[in-house]
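Residue numbers (this note's numbering): 3 to 148.
The set of hints was computed from the structure by calculation and includes no laboratory data. Idealized CB from N, CA, C, for every residue including glycine. Hints should not be assumed to be uniformly reliable.
So the derived label-pair ranges between C-beta atoms look like this [stated by the list, open to error]:
#, residue 1, residue 2, range
1, 86, 119, 47 to 57 angstroms
2, 18, 38, 17 to 27 angstroms
3, 112, 84, 24 to 34 angstroms
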Amino acid sequence: MDEGFLCKYLHKCPPGYFMCRNGDCILASKRCDSFNNCIDRSDELACFVSTTEEEDNEVILDQRAEAFNDQPNGATTSIFMLFFLLLVVVLVVLLIIWVTRRYPDTKSQLDLALKNFNQRLTRTRGTSSEAHILVPADDNNFFDNP
């Protein structure tokens with residue numbers, strides 16, 4: 003094992019210095035100054051003096067919450083996005099149900115419009131207004147750009 007590694011974590015800081023969790027030493031006056039002087043932010047943890055056991059528990063919970071906040075929140079964001087998309091789908095379905103119940107003849111009017119369109123389309127197929135579409139014979143060149 004690397005002795006430099008062991009020395010870093012087994013040494014004590016000189017008087018007037020604070021040792022961060024990672025073994026770095028900073029001036030004691032820089033502890034609890036609302037600036038993260040330690041890379042691991044350990045100089046800003048548990049900075050207020052607690053007098054009761056309840057307050058001690060709050061300090062521990064605050065430290066755990068801070069450690070939790072340092073983790074990436076990609077999974078949390080994904081869960082919220084899925085929930086939001088599900089909510090949108092449910093709202094759209096409910097809107098469709100509400101419209102069809104509020105206006106019951108909506109479906110029949112749509113069916114009638116489609117039926118009229120199909121009748122007009124069938125009537126014009128036999129007349130001279132029939133459209134002719136040219137399709138290239140070679141399917142291999144369909145997407146080629148000449």
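Going through the hints against the structure:
no. : hint                          : verdict
1   : 86 to 119: 47 to 57 angstroms : violated (37 angstroms)
2   : 18 to 38: 17 to 27 angstroms  : holds (20 angstroms)
3   : 112 to 84: 24 to 34 angstroms : holds (32 angstroms)
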